[in-house]
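Engineer: Chain by chain, the residues:
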Amino acid sequence: MGSLQLKSIRKAFGDHEVLKGIDLEVTDGEFVIFVGPSGCGKSTLLRVIAGLEDATSGSVRIDGAEVINTPPAKRGIAMVFQSYALYPHLTVKDNMGLGLKQAGTEKTEINSRVAKASGMLSLDPYLARRPAELSGGQRQRVAIGRAIVREPKLFLFDEPLSNLDAALRVQTRLEIAALHRRLKATMIYVTHDQVEAMTLADKIVVLNAGAIEQVGSPMELYNKPANLFVAGFIGSPQMNLIEASRLNEPGASTIGIRPEHITLSSESGDWKGRVEHVEHLGADTIVYMDTESAGLVTVRLFGEHPYAPDDIVFATPDKANMHRFDENGRTIFG
Amino acid sequence: MSKARSSILRNSLIHLALISYTVIALFPVFLTLVNSLKTRNAIFRDPMAFPTPSTFSLVGYETVLKQGDFFGYFQNSMIVTVVSIALVLLFGAMAAFALSEYRFRGNTLMGLYLALGIMIPIRLGTVAILQGMVATGMVNTLTALVLVYTAQGLPLAIFILSEFMRTVSDDLKNAGRIDGLSEYAIFFRLVVPLVRPAMATVAVFTMIPIWNDLWFPLILAPGEATKTITLGAQMFIGQYVTNWNAVLSALSLAILPVLVLYVIFSRQLIRGITSGAVK
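So the sequence lines, in the order shown, correspond to chains A and B. The numbering of the first sequence is our numbering, which starts it at 12 and goes up by one. The numbering of the second sequence is our numbering, which starts it at 10 and goes up by one.
Among the clues, some could well be false.
[Claimed, not checked] To give an idea of the interface, some chain B residues facing chain A are shown, with a C-beta separation under 10 Å as derived from the structure:
#: 1; residue: R54
#: 2; residue: P56
#: 3; residue: M57
#: 4; residue: S178
#: 5; residue: D180
#: 6; residue: K182
#: 7; residue: G185
#: 8; residue: R186
#: 9; residue: G189
#: 10; residue: L190
#: 11; residue: A194
#: 12; residue: P202
Keep in mind the hints are simulated off the structure, nothing from the lab. In this text the structure is predicted, and so the values were computed from the model without any measurement. Ideal Cβ positions, reconstructed from N, Cα and C, are used throughout, including at glycine.
Based on the sequences and whatever the hints tell you, model everything.
Structural biologist: So this is what it looks like as structure tokens:
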């Protein structure tokens with residue numbers, strides 16, 4: 012219960028095309044994350060799935076049934092918004108129960124479903140409060156609870172963690188992961204934060220300028236990015252992208268090497284350079300260096316290292332983990 | 010206020026300004042109330058004096074209550090004002106919601122057209138309005154006044170309310186749509202409660218000119234059965250002789266209902282429940 016098929020979804024606001032033909036298949040129980048830079052159309056796509064925006068053309072099927080003309084409430088979906096969007100004049104309990112009440116569900120059934128959801132999210136002490144009396148994290152849990160209570164085929168999350176502070180974000184991320192394991196429901200989640208994408212997703216959909224760049228598991232995207240955009244977007248710090256001609260690498264236009272796949276030595280190595288800046292993070296040390304042959308290169312070293320700006324060091328890339336891209340930015344495999 | 014940002018001098022200057030404004034604003038009301046309780050001679054001898062046992066007189070109130078159907082005038086004014094406010098708020102809020110929520114061709118033009126009435130006084134159209142009312146046989150009915158006042162109040166109401174409705178979060182309305190609320194339910198149950206302070210503002214702005222208006226009652230509904238309080242008070246003002254006791258008493262009585270309505274709406278003005286709905 013809960014598959015989704017999108018077929019050549021297009022959406023234009025006037026002359027401006029926001030979605031340029033999206034095809035996507037989501038199977039039952041999958042956790043799919045849409046990532047991409049701001050304005051890539053990921054939120055619009057989610058709204059089209061929810062039925063809050065009409066697609067200009069294309070087809071949306073939930074569990075095999077065409078829903079393009081079905082109102083949001085009848086699509087069997089539930090959505091969690093970035094701004095929580097709780098009803099300010101209703102208590103937590105009524106906030107969670109409103110959808111069911113509107114659908115004509117029996118009172119005992121509503122109560123038992125609300126009780127179940129509030130137990131799952133430890134909201135029991137707050138059921139009689141109004142949203143104004145809750146903290147940000149609690150509000151977001153109520154918003155998630157409101158979605159759970161509906162027992163939807165499809166959960167839609169629109170950047171649910173963006174308004175939370177860093178510590179709460181990690182905690183809520185874990186809660187959402189636990190929730191997915193527990194409910195085994197299909198979830199579609201929009202974020203611009205690639206850490207959320209990498210940690211939560213079964214499948215990541217990378218969007219750019221209204222089109223899908225690549226679909227794959229987090230590790231597929233990390234190890235085998237289909238093109239320069241995905242290579243640059245996934246992974247932090249960003250992959251180093253170096254002109255192939257500077258490295259004498261024939262048959263490619265750009266060479267990509269992730270910061271963690273470069274080793275540093277103060278005696279010898281492939282690329283000689285000067286350290287520009289060092290970030291000591293404890294677990295990692297990130298070295299920004301200016302090399303003679305490869306230009307500016309970021310290197311990520313594990314553990315603590317005593318490098319300082321203006322040191323002369325040698326960097327050696329791990330050839331096995333090099334990515335090669337052709338002149339159109341597509342990856343050359345093999 | 011925090012101690013760091015307040016100084017005694019600044020606070021007292023602010024209070025001085027506020028107090029002097031209050032005195033200026035309340036002075037005419039005070040004068041009306043005080044003199045309505047005095048004899049005619051006392052009013053002219055010393056208008057500023059409080060009524061003393063020798064000058065105290067309720068003759069003005071007696072005249073007002075005896076001559077003419079004063080309760081009837083009151084009732085007329087109340088009906089016209091309350092119904093007009095209700096219609097202005099209902100239609101104004103609905104139009105504002107449509108303008109701020111839905112994208113349709115001519116949206117901006119429609120908004121401008123509806124706001125045009127703020128700049129053009131409705132009295133310019135008096136002759137045409139009167140002709141229309143005569144043609145439809147609505148002269149000397151309260152309906153005529155209600156219709157005119159609703160038209161008069163709508164432009165400002167739409168202008169203010171559509172600005173406020175734009176601030177209501179889209180996510181909240183979308184959450185309602187996903188929960189199966191109809192567009193009407195979203196309007197009445199989510200949006201209207203959130204813009205209640207703005208609606209109270211509009212109600213106050215709409216109410217005062219309607220209650221105080223003399224122009225349209227005089228032209229459209231001068232009949233005895235449809236007289237409003239302002240028109241009713243005019244009968245004591247003559248070309249040569251004015252019964253000041255009665256005029257001042259009538260005006261004092263006319264202040265009361267408007268005060269009550271204002272108290273009701275101003276409570277709403279203060280109340281705001283948006284906080285906590287969205288971050």
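Engineer: Run every hint past the structure and note whether it holds.
Structural biologist: To see whether the hints hold, each was checked on the structure:
A hinted interface residue such as R54 of chain B counts as satisfied when its beta carbon comes closer than 10 Å to some beta carbon of chain A; here the least separation is about 58 Å, so the hint is violated. At about 51 Å, the closest approach between the beta carbon of P56 of chain B and any beta carbon in chain A exceeds 10 Å, and the interface hint on this residue is violated. Hint on M57 of chain B is violated. Least Cβ distance to chain A is approximately 50 Å, over the 10 Å limit. Using the Cβ-Cβ criterion of 10 Å, the hint placing S178 of chain B at the interface with chain A is satisfied: the shortest such distance is roughly 6 Å.
Restraint check, D180 of chain B versus chain A: the minimum CB separation of about 4 Å is within 10 Å; hint holds. Contact between K182 of chain B and chain A, as hinted, is supported at the beta carbon level, the nearest pair being about 8 Å apart and thus within 10 Å. Evaluation of the G185 of chain B hint against chain A yields a held restraint, the C-beta minimum of about 8 Å falling below 10 Å. With a cut of 10 Å, the hint placing R186 of chain B at the interface with chain A holds, because the nearest CB-to-CB distance is about 5 Å.
For G189 of chain B, the interface hint holds, since its Cβ comes within 10 Å of a Cβ in chain A; the closest pair sits about 3 Å apart. Below 10 Å, beta-carbon pairs count as interface contacts, and L190 of chain B has one with chain A at about 6 Å; its hint therefore holds. A least Cβ separation of about 8 Å between A194 of chain B and chain A falls short of the 10 Å threshold, and the interface hint therefore holds. Interface restraint check: P202 of chain B against chain A, minimum CB-CB distance 5 Å, threshold 10 Å, status holds.
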